[in-house]
Every structure is written in C-alpha cells, then in structure tokens.
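Colleague: Those protein sequence lines, which keep their order, are chains A and B.
Quick note on my numbering: the first sequence kicks off at -8 and runs consecutively.
Quick note on my numbering: the second sequence kicks off at -8 and runs consecutively.
There may be inaccurate statements among the hints.
Not the full set, but computed from the structure, chain A residues with beta-carbon under 10 Å of chain B [unchecked claim]:
#: 1; residue: 22
#: 2; residue: 88
#: 3; residue: 109
#: 4; residue: 112
#: 5; residue: 154
#: 6; residue: 242
#: 7; residue: 244
Read the hints as simulated data drawn from the structure, not as lab findings.
Even for Gly, the Cβ is constructed at its ideal location relative to N, Cα and C.
Spelled out, the chains give:
There are 2 protein chains.
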Amino acid sequence: MPDKTKWKGLQCPIPLSKYPKIVMAHGSGGRLTRDLIQHMFQPVLNNPFLAQKHDGALLDNPKTKIVMTTDSHVVRPLFFPGGDIGKLSVFGTVNDLAMCGATPRWLSLSLIMEEGLGMEILWNVIQSIGEAAEESNVNIVTGDTKVIDRKGEGELLINTTGVGTLDHDQSIGPREIRSGDKIILSGDIGRHGIAVLSSREGLSFETEILSDCNALHRIVLDLLDNDIPIHCMRDCTRGGMATALVELAEESGKHFEIREEVVPVDPTVYGACELFGLDPFYMPNEGRFVLFVPESGAEQALKLIRTNNKENPACIIGHVDETPEKSVTAVNAFGGRRRLDLLTGDQLPRIC
Amino acid sequence: MPDKTKWKGLQCPIPLSKYPKIVMAHGSGGRLTRDLIQHMFQPVLNNPFLAQKHDGALLDNPKTKIVMTTDSHVVRPLFFPGGDIGKLSVFGTVNDLAMCGATPRWLSLSLIMEEGLGMEILWNVIQSIGEAAEESNVNIVTGDTKVIDRKGEGELLINTTGVGTLDHDQSIGPREIRSGDKIILSGDIGRHGIAVLSSREGLSFETEILSDCNALHRIVLDLLDNDIPIHCMRDCTRGGMATALVELAEESGKHFEIREEVVPVDPTVYGACELFGLDPFYMPNEGRFVLFVPESGAEQALKLIRTNNKENPACIIGHVDETPEKSVTAVNAFGGRRRLDLLTGDQLPRIC
C-alpha cells in the first residue's frame, strides 16, 4: 500500500482508533454508512452532481448521443506496482468510453466491502479514485456502499459505470473495420499482468515492471481532433491483445494478419512470461489499445500516439486483408503462421 | 429457487452436464465468458443497444437532462418469497431513477460471481432480470462479468447502474420540501425485510409474507402526468421508512411530524417484528416510498397511488411543520413523542 495518508491536507476522516476496520454497520444505510459517505467519500470526490445528495444524480443536458459502459473490478492484490484497484476502476471505465470515441463525463461508484477491510486501505483507495477522476476529467456523480459478511481477507470489489458524450460524427465500432485497414498497437504489452502477478506472488525482477494502468481518452480525443478516420478501437484488457483482436475479427467478419516480431514486449516482461509459461499476447493490459485506420491515416495516427506515449512507442502490427475468414493469423519472423484464438481457461485470475 | 427452466421456450443455454457450476474461466474474458454472454445473457436481455457488442453502448440522443444512479445488490438468500436478486437489481435502480422524477431508460448489468455458483441459479436470475427489465420498460444496454475465487457458497453480487431521462420541468428533491407539505407513504411497510429474514432463517408464519419488491416508475409517471406538484420522493429501502425520513429532514433542513398509528404495517409483519425485536419503521422495503406534496395536491396524489396499489393502500402519515429543527418526530396514539434517528448498527445485514 502506498503512503497516501493525506488528501490535500486531510487525514483519514474516520477515527482509526474507533473503526480500524470496516464493520457490517458501515453497509446498513444508517449512521455509519452516512459517516463514510459524508466524511470520507464526498470530500475527495467532491463535485456539484454528487452534492445533490439524492437517489440519483441529475446531469447536464447532453445535447448529443451518449455512451454507457460498466466494469467491476476484483483485482488482487488491491495495490500493485504502478497502480491499485481505485485507479484501475476509474481508468478502466474511462478507457471503455474512449474506445467508443466518447468523451468520458460522469461515473458512478459502487463499493462492495467485506467486513474487516482495513479503514486505511479504503482511505487510500478513495484517494486514488479521486486522483484518477481528476486526471481523467470525470465526475463521480452517484454511488452505493455495501458491506458483506467476512469470508476472506477484507475483500474490496468496485463497480464503476460511466456515461460519456459523443462529440463528433465519426462512426466507430467493429462494423466499420474495412479490408486494407492498418492495425496499430498503442504501446508494449503485458506490463499489467506481470505487475499484478509479481506482487501477488511476491516476486521481484531485475527491473521493476509497473502496470501500464492509464487513461486513454486524451490520446483518443487527440486523434479525433486531428481528423484521423478511426474505424475501430479496443483496449487490450482481460484476455490481452490476442483476445481483443479475435473478438474484433469475429464481430467485423474480417481476417487480420499480425506480424509477431513487431509486437513490442519489454524484455523483462518477456522473460517473466517465459518463466511462468504465459503468452504475452494474452497478457492483460490496462493502458494499451488496438486501433484500426485506413492506410492513409496510419502514419499520422502513429505519430500522434507516439507523442502521447513516448516511452512505449506505438507501432503498426498488421492489417486487415481480403481472406474470407473471421479470424486472426500471427506470422512469425520465419514465416511460420498460427491462428490466434480466444483465451480458453484462465491465464491469470483476478487481474482487473 | 422458483421453477424457471425456460425463457420463452429456451432451456438453460449452457450444457449443465459440462458446466453445472461457474468456474474461474467464466470470468477470464475468453471463450467461456463469451459463451455465457452470447448464449445466456444476450437472448434474454436482447435489445438493439446491447447488440452493438462494443465496449460501451451508444444510446439515443436524450434531448433532455439525464439522471444517473447505481446500486449493488448483495441480498442473501438469492431467492426469497416475492422476489430474487435479479428482480431486486432491476427494480432497485428503476426505483431510484423514479424517485428523481426520471423515466428509466437504460441499465448496465455487472455480475460478480464466485466460482462454484450453480449454473441453473444464474440462469434463473438472468431470466428474472429479463422479466423485470421488460416490466420496467428499460433496456440492459451494457454489461460486465467477473468471477472471483471460492470462499463461500457460490456468492452472486449484482451491480446495476441506470440512466433515465427527465421528461418534465418539475424540480424534485430534498431542497424542494416546504413547510406545510403533506407526507404520503405509498403502502404498508416491512414486507421485504421479513420476507428475506424468514427465508434466511427458515421460518414460516401463518400468512406468507411476500417482499414488496416492485417497480415504482409507473406510479411516479402517473403522478407527474396528472400534474401533481411533487416536491420530493424517496424509496424506503435499507434503513426503512425512518431512515429515509431522517435523511430528508437533514437534507431539507426541515422538521417532520409523523403519526405513528396511521403508518400501515401488516399484522403478520408486525408480529414478526415483535418476535425478533425489530422496529417496523426501520425495516427495509423494496417497493414503498414517501412523497412530499403541498396540501392542495395531497388528496389527488393519494387517490392516484391507491389506484396503482389497491392491496396496500397509501396514506398521509404526517406533515412538514415550522419547528426549527432538522429532525423527525413520531407521535403515538397517546400523544407520546419520540425523535426518530438514523439506523445505528445493522438491523438486517445483506437485505438488498
């Protein structure tokens, strides 16, 4: 757990001597629930929508189409190199909105806590949520707090649901993918999976691998502002890059060809994958996406993404071809071809 | 568990001989996750928004203000007399939107399942969600599926987040409450709490108590269509009627006086409360609300609510007065006065 004992000068607002851990009554909807909301959640997540204190939040008149997405986060451990469940919860939903081409605006936050969860852990996570919301320029507008009886080690599960506005006319989605489209990957893959795995198993590598956990909406809005003709985007989360591509191949009815050797994987990540017998193509990420653009826009898109993410450069990893199959073929440096499939089984449980 | 083996002619779409229970890989984002979504969730929750199969759902252009609310449901047992976690998840969120005066439109659905959850249990719950969504005239537009490792008895937790549209100009909320307002309660209280408690403890009463679990948006839209000048509404869920009133007194800065003897409580519910040492005023409900209207509109509002709920008649239980205190006073038949407070501790854990 990182040292985050103050939020803009505010210490943990619940007296730790009295409530060092969450108790069932924190979820009863009564006084203790209200104390958590008023004293801990509201000051950190403060915005006029949340301040309405009603059963729901009355939002602005969007004057445009809106996009809605939801994600529950169950990652273990709650804190890992480069992030934590709070950051993940905000960025995960912000990214899903961004992938639809929407500007993220409003998030709901629902906490399910197990009795016994450390109060300081909760306080740390709430602060992360506050920071991530500020960074993503979204408001947490409504929420819910539940406590379940103890079975494990102070479980914390977080759902965030997001609503964004569609502030342009471009149609973005799997059905817009066309033959000839270039496939761009926004950065190197596998960091989030290895970061969580290593902190769960107590492993350390020569170079510390940080999760790539990050908000993607700025890059996407930048692409849109520069009139890049985006056909489709998808973030490479659970199931990794391979699963995202296979899903899109099936949904678009197209065939993709990927060049294995150009897919960037950090050497330490690659080594860790070899050690555990994991395939980097299927490793979860929390700040990487694939982008489909016609060839005419590919170079400019690449340049814009590289400006946003200098350390882990984007590259063109393949293209959409005319092969009449809804599938993904990976071609290696020696010309060997393998068909990528959806993840079967579960490489890494509770990764996000 | 009720006998719900078919959805419009469809048997449980996952082969039970192969997958009698949820396994971790159902939450991996790979093939098994997709099988659940495509074969079980999509056919039941079918609508054009969900069919977009993207990271988020592109919704209509609302052309009006929108309202957003969220609720996670952790009720135990999953099935209880008069309802189940699926019905509760939809109606709970629909009702929160209704309480803001919004027309419920779009819901997200996020399932967190524990490894070992029975597949048929899931299938039953999904069908309940489908039925409740149809009944409430809302679409489940986007979703998420997670599986956590086994610690209990096949836990199932459901988050629904709802977006509704505000199709009128009335300003509804705690700040609109005025001195002189009549306080209407929409029906008898305590049923949901006793229904869940009795099924959890394996108790039976002479008369079976069914949960009041129900959608409230029709009554509310009916009130609005008839130009009832609604000042505020709140559903009496966790913490019961008393907690809802105390919250509203604090948020509005007003004092409410309630006449105890007119608050309707079913005799069996009353008896059960006495037996367990519970206060019906604090018993959870899932289909009851309090309504604040000026005296001029009270009788007509009462008539409209009674038309919608004939069995459990609404009544005027009190009023807002000029006392300069943000609190609620309950006056009994003998003139005795007690100040109602927020629920302290937890009368009934995991009730919704």
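Colleague: Flag every earlier hint the structure violates by its number, smallest first.
Modeller: Hints 3, 4 and 7 are the ones this structure does not satisfy, whereas the remaining hints hold.
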